[in-house]
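The chain contents come next:
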Amino acid sequence: MMSDNTIVEVRELCKRFPKKKTKKEAGFWSKLLPLAGPTDWFMAVENISLDIKQGEIFGLLGPNGAGKTTTIKMLCTLLEPSGGTARINGYDIIKEASLVRQNLGAVMTGERSIYWKLTGRENLEYFAALYHIPRAVAKKRIQELLDRLELSSRADEYVERYSSGMKQRVAIAKALLANPPLLLLDEPTVGLDPQSARNLRELILEIKREGRTILLTTHYMEEADQLCDRIGIVDLGKIIALDTPANLKKSIKQLDVMRLEIEKFDPCLIETFQRLPAVQHVASHDLGVDSAWSIALQTPDSEGVLPEVIELINTQAGRVKHLQVTQPTLEDVFISLTGKQLRD
Amino acid sequence: MHSSILVQRSVGSELRALLAMARKEWIIFRRYPSWVIAFFIWPVLSPMGYIFSARALSGPDGSALPAFSRLAGTSDYVGFVVVGSILWMWLNMTLWDVGFQLRNEQMRGTLESNWLCPVWRISILVGPNLTKIMTMLFFLTVAALEFRLFFGVQLLQGNIALLLLILFLVIPSIYGLGMAFGSLVIRFKEANAMVFLVRGIFMVFCGITYPLEVLPPWMRSIAMVLPLTYAIRDVRAVALANATYVDILPDLQKLALFALIMPLLGWLTFYFTERRARQSGALGQH
Amino acid sequence: MMNKNQLSEMSWRSHIWAILAIARKDWLYFFRYPLNALFRIVEPIIWLTPVYFLGQSFATAAGNTGFAAYAGTLDYMSFVLLGAVISSYVSAVFWGMGFSLKEEMDAGVLESNWLAPIPRPLFLVGRTLASLAITTINNAGMLFLAWLLFDFRVSGNLLAAIAILLPMLAALYGFGFAFAALVLSMREANTLVDVSNYLVSQMSGSQFPVQALPPFLLPLSLALPLTYGYDAVRGYLLNTRTLLPIQLEIVILVAFMGVMIPLGYGIFRIIERRCKALGTIGLH
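Residue numbers (our numbering), protein chains in the order written: chain H, 1 to 344; chain R, 1 to 286; chain E, 1 to 284.
Hints are computed from structural coordinates only; laboratory data are not their basis.
For each residue, glycine too, the CB sits at the ideal point set by N, CA and C.
Check before you lean on any hint, since a few could be wrong.
[Stated by the list, open to error] Some residues of chain H that are not near chain R, with every Cβ distance over 12 angstroms (derived):
id, residue
1, 171
2, 205
3, 254
4, 300
5, 312
[Said to hold, decoys possible] Some chain R residues close to chain E (C-beta under 10 angstroms, calculated; not the full set):
id, residue
6, 20
7, 22
8, 55
9, 62
10, 77
11, 204
[Stated by the list, open to error] To spell it out: a stretch of chain H is covered by chain R in this simulated footprint if at least three of its residues, at any positions, have a beta carbon under 8 angstroms from a beta carbon of chain R; those stretches are:
id, segment
12, 114-125
13, 131-142
14, 173-182
Please build the complete structure, drawing on both the sequences and the hints.
Have a look at this one:
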């Protein structure tokens, strides 16, 4: 039974596709006369289960081909699952598909989801009608979205003349038209320049602040880290880890490394650092000038240890010239779980 | 349940969605100017080959015309060819236009956007075709006027109401076929070959440029199950030989039957291919 | 100064190899759409059947006597079939040159091809080779089916007929260069190509004897060198009544070839240079 504030509930969702024959097997005549029945299946998504609460941004993070887009397509009813169930705002994705579509807005990957020979405004008017939004309400809503997404000044130009960032904003406006509680974003920043991508992420956080729930897929680790309240790491069609970004990073036994350059450093402090409970290893190096030393501390909790270290340095009248803290990233999490890199 | 969702479904809103799809189709149509060539130039060019062939076959002194007359019921071979040619052109344009409508959306990426919307699936199929039907009727009118101007063929002087009735009855058949076709096209990538085959069948069997009487019996039987055969025969009879409602009533009844069957066939093909497309993920492929 | 590590070694052999590579690519592409490939063979029969029945609907007890009064032969079907075969070769050259260029522009691969160190005209010629090969196979299949279904037969000198076709095709290559130039410089060539291809084909008598054209159109037909190509081949193979003595028609075709090849090539070079200056190659 879905709890009151669960917007998305997925239970053991699967999708399999028949395996395509290789070039050698599929000759001229076998392509003309298709053979009976596929012999092999490819599991694109295998037993995915998750719950997404209202108002959270949930990310599916994984490399290309992991099954993220396939999962999103099943949830928005574009693709029929091979097994398992899912509910969007209480509605079953198979039996109540039309109601599901009323309760979500989706932006699929690439610039190809809107009409290039229509203007931005005409695109929104068109889809507003398809979403059964009453005309008077639609007119107001469209103008509101155009203003909000900074499209008003060019709303009456053909979409084919827009930049990639603008096209993406039109697609998002289309997804927000019916004011749905859930937004599905499939690789929203792919193909955008860094500034546009940054602006889009800001927009996504703004949308979250309105109380909307967002499910997004990405293969950019920084994006998942910045935006998501919780992340499901996907590889080979399965969720291999699911938690907040912080907990995921903590879960691997990778240590933070704190590097300091300290002037007027008292070498006796090295032993004191070693005795700190959270510090696992200390490496030190005399720089030979102004009693300056380079110290590297390995600790599982750099945030906790740092204030203590600084205080100890201050009591000995030392001066921190340079400080760098390297923490494990989600990429490190992915590598430790799969042995592969996130970017293929 | 989120109470501020703006969707308000009703029959009226479904009709509005349908009209929005028709309107979108019209806007895009206007913005690609190449239709002007198709509409104004091809009606004149397309029958030319057959008309001159027929002229050659009838001989410099028209000595072979009586042979044609005996079979076709008229010696006006220009009018005869022109009628067959224009209706075949209509079918051909519909197969390409309607047949590739879904495929073009699939390749553009907008098929998924439409599919995501809470509208009836049949609206996605039918909506854009409302515009196509209107533009085709305009095309037929232009063609008829050009035939008058360039070939001296008067198609619009007969019983126009009866002509419109024939067209009205054949529209569901042609568009039903187009829709069936359009559904299959999103499944099979080699759509061009399919168009060639279907329009080829009509070209061979429907008596486009020759009287059906010249066909061997087995080919005539096949011709009798194609709706275009009756449409061509009846338009010729009404426009060129002043046939009345009573004269063509048996054919009209058959056309009415086709008008029921073909759209149903189109819808069923669409329904099953759409299900398969959702299972295979074909909606987003290009 | 040549870099010693460069792997390109230009020679006449390497040019031929390049042309064959282009032809092979087109050949492979053709067969990777098997349904389309199959229909290329079936399609001519689909076009020819209405023509056959049109002929039948004008047939008297003695055959197509009306037609014979124009063409000098009762064999309407063979007349049309020969026209179809010649038309297919004309299209193959046109298609190979101009239209395929358009396809490559649309697919975004023209620039990649243009970067290769092969003379552009040779590149265009290479494109026609696969087209001609496939057309020949198609025609063989079509003529076999026509012999089976429509009693197609020719009586004259086949080699002589082919010898007539050769200067005509060579001239078409020249025309094809000019047409390719047009495609390079125009954004939307499709409609122009379709319409002019159709008009030229009709006016030159691919489907009917041009003597049947109305008086105001006949001069246009007689001004097209292609008309004499169709006429001469039919004259040789079917003993039809030709517009001019066959030897004179052959001279016209050779002259056509002599003019068209340098003219077409010249136009192509001029426009290609212009496009390079404007940077419009590869844009569509």
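Hints that the structure is at odds with (numbers, increasing): 1, 6, 7
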